[in-house]
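Trainee: With the hints as constraints, model all of the structure from the sequences given.
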Amino acid sequence: MIPAISSLTPITTAIPLIGVLMLTAVKDAYDDFQRHSSDSQVNNRKSQTLRGTSLREEKWSQVQVGDVIRMENDQFVAADVLLLSTSEPNGLCYIETAELDGETNLKCRQCLPETAEMMDSHELIGQFDGEIVCETPNNLLNKFDGTLTWKGRKYPLDNDKIILRGCVLRNTQWCYGVVIFAGKDTKLMQNSGKTKFKRTSIDRLLNLLIIGIVFFLLSMCLFCMIGCGIWESLVGRYFQVYLPWDSLVPSEPMAGATVIALLVFFSYAIVLNTVVPISLYVSVEVIRFVQSFLINWDEEMYYAPTNTHAKARTTTLNEELGQIEYIFSDKTGTLTQNIMTFNKCSVAGKCYGDIIDDVTGEVVDVSETNKAARTPTMRWKNGQEFVQVYTPISGPNVRLLEQVDRISNIIGEPGPIGSSMVPHKLSTFPALDFSFNKDYEPEFKFYDSALLDAVRGNNEDVHSFFRLLALCHTVMPEEKNGKLEYQAQSPDEAALVSAARNFGFVFKERSPNSITIEVMGKREIYELLCILDFNNVRKRMSVILRKDGHLRLYCKGADNVIYERLKKGSEDITSKTLEHLNKFAGEGLRTLCLSVRDLDEQFFNDWKQRHQEAAMSQENRDDKLDAIYEEIEKDMTLLGATAIEDKLQDGVPQTIANLALAGIKIWVLTGDKQETAINIGYSCQLLTDDLTDVFIVDSTTYDGVENQLSRYLETIKTTSGHQNRPTLSVVTFRWDKESSDTEYNPSRDEQDEHEMEQATGFAVVINGHSLVHALHPQLEQLFLDVSSQCKAVICCRVTPLQKAMVVELIKKNKNAVTLAIGDGANDVSMIKTAHIGVGISGQEGLQAVLASDYSIGQFRFLERLLLVHGRWSYYRMSKFLRYFFYKNFAFTLCHIWFAFFCGFSAQTVFDPMYISVYNLFYTSLPVMAVGIFDQDVNDKNSLMYPKLYAPGLQNLLFNKKEFCWSAIHGFFASCVLFLVPYGTYKDGVSPKGYVLSDHMLLGSVVATILVIVVTVQIALDTSYWTIVNHIMVWGSLIWYFILDYFYNFVIGGSYVGSLTMAMSEATFWFTAVISCIILVIPVLSWRFFFIDVRPTLSDRVRLKQRLAQLRSRQSQDILRTPSTRRTRRSLRSGYAFAHQEGFGKLITSGKIMRKLPNGADFKFAMPFTNNTNKQVSVATTSPKDNASKNSHTLDTINL
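Counting in the UniProt record's numbering, the sequence shown runs from 1 upward without gaps.
Think of the hints as simulated: they come from the structure by calculation, not from any bench. What you are looking at is a predicted structure, and each value in this text was computed from that prediction instead of being measured. Where a beta carbon is used, it is the ideal one built from N, C-alpha and C, also for glycine. Mixed in with the good hints there might be a few duds.
Said to hold, decoys possible - Below 27 Å or equal to it, Euclidean Cα-Cα: the simulated BS3-like pairs (lysine-lysine) are:
no., residue 1, residue 2
1, Lys350, Lys483
2, Lys350, Lys568
3, Lys483, Lys445
4, Lys27, Lys832
5, Lys547, Lys438
6, Lys522, Lys508
7, Lys634, Lys624
8, Lys480, Lys438
9, Lys59, Lys46
10, Lys647, Lys350
11, Lys46, Lys107
12, Lys547, Lys445
13, Lys184, Lys198
14, Lys583, Lys624
15, Lys438, Lys508
16, Lys583, Lys311
17, Lys832, Lys311
18, Lys961, Lys814
19, Lys350, Lys59
20, Lys832, Lys814
To be verified - Label-pair distances were calculated between CB atoms; the ranges are:
no., residue 1, residue 2, range
21, Thr701, Asn620, 47 to 53 Å
22, Thr701, Glu300, 47 to 53 Å
23, Arg1094, Val537, 57 to 63 Å
24, Val133, Ile210, 53 to 59 Å
Mentor: Next comes the structure, spelled out in structure tokens:
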């Protein structure tokens, strides 16, 4: 320290600095250790590596380029490898790429025939000495170019011979591969993006404010320097006998005063340095650290099936969870469970699958837990209907909301007229027993006994229906542990074959020219003549079979495609089936139609000849084949329709609805195909029939995308210009905007609600190839203009990097806080790009979790993470910062007031030790208790009123304006804290004649009253009192007196006895009371005025909460917001075939067969195969206007 300028001892500055650095180091070390532990989970995964002629188990981190590794069934692939040999015939293997592109359907890879001959011979594989020349590491998941030179020959390599890191081997016992790319060079890691250092918006604001505070400090130092120069030149030079100038100071009055003033500038920079809060950052880090543990310990976010707790993997972003404006969600494994179930069907115009209540005659929804909930309808006083849907829950948390809260009028909620709630009703309908069938699956559930009775009663239509399901597919059967298992390219197809199996139509085996099924225990063998495989343009698949000399075509596909190809007649069945399709689609089920056609032998032979000619054509082969298919797939007879449920994760619709009510915009980014993504959009209520239109952007050219976006933007502007209707308040259910005022700025609130109402009429669905052009610098603004005015945005068939680019686009242009959530490696890039990354844990893949900032077990926990923990964290941090700046300004500015009475000499008004520990010991614990435990409303009401989240979206609780108010509050407090005691003790004498007007006594009094006042202020600011708050608040006040006594009397401080003397006089207590009253009364008056005149939603809910607590109700009678209303869904075809063609080519060629069946039953000729791989373009049509929704024709969103 420099004696000429320092007014403080070295220890005064060193103590807080050392404390801050130590705590920060401990917190950062903990974060690093956590991430290191997570990374070790992946790096320490085991992989079997061939060393010489023997296998050795090594860690993933030790796998290098050129190593030959063995992969086994259901195992993750450790690196990008060239497939050498497999356990399957013809060098085939099957992989699941959910970690890469979100698709759960199996994909086929095939090694070179020359390397496949090595099988699992370690000697042969160990001698493999090929040279591979390939492309440099890149992020293209669907492209690979390379050449293998081996034994003097060159072999071309493409993507079909490569297995990428992150894939899972399925239905393949083993395979060998040579590592091409490892570690960060793998395509998976190339798509992961760079890890970015993430800071919250509050951190960025704090950095800006600290810069402002530094300039304020310099201005105060400059002011005091000028004041010192004036005082020394006018007054100080005459008191050199008493206050001699330093030897450095010239004796000339003006020059001396100038030098002293310059030295005082630096002295005040040291004295006032506490206005720049060093301890602020460590306090913020400690609060975030503890808040992270509160997230980890929340039992409401525990997912029992996978034993997964929520986990905050970073401790620096908690309050950012309370300011999320955009959520970017993956679909596969995040919104859905990837479980397809056969739910309902229509056969010959009769609907099966609905359960009718014998008492009420109503359709009962039956879940897997055998529970059903009926939908109560309440009619409000204004005549509007409010439909409430109960979510089945279990355990001690079950609450029956039986009546409206009697105090709802206090917060402006009208009560229902003559309505009562219908409680949950337990279903009395058990699942059907299929144990009569030896091949049944215990996990298969179906409840309508009429369908099973029809099967047992040999109903011809029902038998034909299930025969088609058992025969028309490309599923492969496999015996595993004595149990029949199926491998399918899509989960939908597996669900249909499984349904037929359980109803007694068991698909047993297939050969290249036959299909064998068992019908009610009787074996049936069909000759397979042709497979007309699925693609995205045809949207259907057919098989042509012969049995007992009779030829028949079986076809299944999208409803609009099948209906166009039906023969005339049977209008009764077609119309009834159409009604059932409307009903199924309205329930969010994925539908497809089944049809058959009997063929004449001569017609078929003639068609087969032309079919062969088209297949051999070298020009326009695809178009010619499609034309040939059209010839035979017509004049069909409708059998019926199926309805498959793509199971969402529990609570997804309610979560999305509540997050939308909170003002959060939700985008779905998925690698899955468009039709599947749209179905999920309707199922989770992201898309509803309330939408004016759903825009489909599917053009493959720049100009086409520009034209589509421009047309849609014009449509939005035209529609918005004609909308002029009242809005229904989502808080009070009144038809006025004032009743739903939830923010502190009502004018801004009304504007935002108006904008939100205008943005609820549209949704946009865009494909990956169109997104390439939409993200072009010249088009991105147009894309933003369209998407920002839509209620929902779904991007499908997007690559991992495109997901990150979409997130970056919003971050860059909207200045909004973004959150990305996903469960697979294909989501890593967007998780790293977004402000907050959330990984769904408990799945097989760990990549998303390892890259995330928070991990949860299910998507539904995101609601609690944001609306409870996020909102609380933002609320607490904002209150902490407002109070921290207030108490700091109140403390530091006392030196400025004292400067007027000490000649601006940089003399401190407080004891130097008090200055050191004021922020560290005396006032830190109460405000940290508020920052950790405080809450305005409890978690239940936070979820019940999503609009409480709105202040965080608008950054209302802490911003530059709030900072200025806190600084002004501190300025006023410092003025009162210094001037009131100064006026009291100036020339003061005690009743015993002691002089009280000394510097040390005044400093002790001001310091003590300061601690008392800021403690009272934090008590006023505390909304939620716990035992910890009481201990921290009142304990810190007692702690001050104990520490002051200990320091002055035990250690021997310079201010010894000053506070004791002051406290022995009544003057001190009166001064303390007066100061507190002067400072507290304006605060109380201000708050009571605004709570009474302009209460926020938080104030209203808190009042309701307190009154409810006073009444001690066992169950709270508070109505939910209409976030779980059941809505209609647009009719659409939802059958999710695979993205590529099926296994048809492999089946008919025989390559896929491990061994061909033999015996007298299998003497069919090998059929001609036509299923050549082809690149198809996706053609889509947009939904029509609202009138089409009411028409009787199928409104299908085509792919």
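Trainee: For every hint, state whether the structure bears it out.
Mentor: Hints versus structure:
{"no.": "1", "hint": "Lys350 to Lys483", "verdict": "violated (34 Å)"}
{"no.": "2", "hint": "Lys350 to Lys568", "verdict": "holds (20 Å)"}
{"no.": "3", "hint": "Lys483 to Lys445", "verdict": "holds (19 Å)"}
{"no.": "4", "hint": "Lys27 to Lys832", "verdict": "holds (22 Å)"}
{"no.": "5", "hint": "Lys547 to Lys438", "verdict": "holds (25 Å)"}
{"no.": "6", "hint": "Lys522 to Lys508", "verdict": "holds (11 Å)"}
{"no.": "7", "hint": "Lys634 to Lys624", "verdict": "holds (17 Å)"}
{"no.": "8", "hint": "Lys480 to Lys438", "verdict": "holds (15 Å)"}
{"no.": "9", "hint": "Lys59 to Lys46", "verdict": "holds (5 Å)"}
{"no.": "10", "hint": "Lys647 to Lys350", "verdict": "holds (25 Å)"}
{"no.": "11", "hint": "Lys46 to Lys107", "verdict": "holds (24 Å)"}
{"no.": "12", "hint": "Lys547 to Lys445", "verdict": "violated (32 Å)"}
{"no.": "13", "hint": "Lys184 to Lys198", "verdict": "holds (21 Å)"}
{"no.": "14", "hint": "Lys583 to Lys624", "verdict": "violated (37 Å)"}
{"no.": "15", "hint": "Lys438 to Lys508", "verdict": "holds (13 Å)"}
{"no.": "16", "hint": "Lys583 to Lys311", "verdict": "violated (41 Å)"}
{"no.": "17", "hint": "Lys832 to Lys311", "verdict": "holds (17 Å)"}
{"no.": "18", "hint": "Lys961 to Lys814", "verdict": "holds (22 Å)"}
{"no.": "19", "hint": "Lys350 to Lys59", "verdict": "violated (58 Å)"}
{"no.": "20", "hint": "Lys832 to Lys814", "verdict": "holds (18 Å)"}
{"no.": "21", "hint": "Thr701 to Asn620: 47 to 53 Å", "verdict": "violated (21 Å)"}
{"no.": "22", "hint": "Thr701 to Glu300: 47 to 53 Å", "verdict": "holds (50 Å)"}
{"no.": "23", "hint": "Arg1094 to Val537: 57 to 63 Å", "verdict": "holds (60 Å)"}
{"no.": "24", "hint": "Val133 to Ile210: 53 to 59 Å", "verdict": "holds (56 Å)"}
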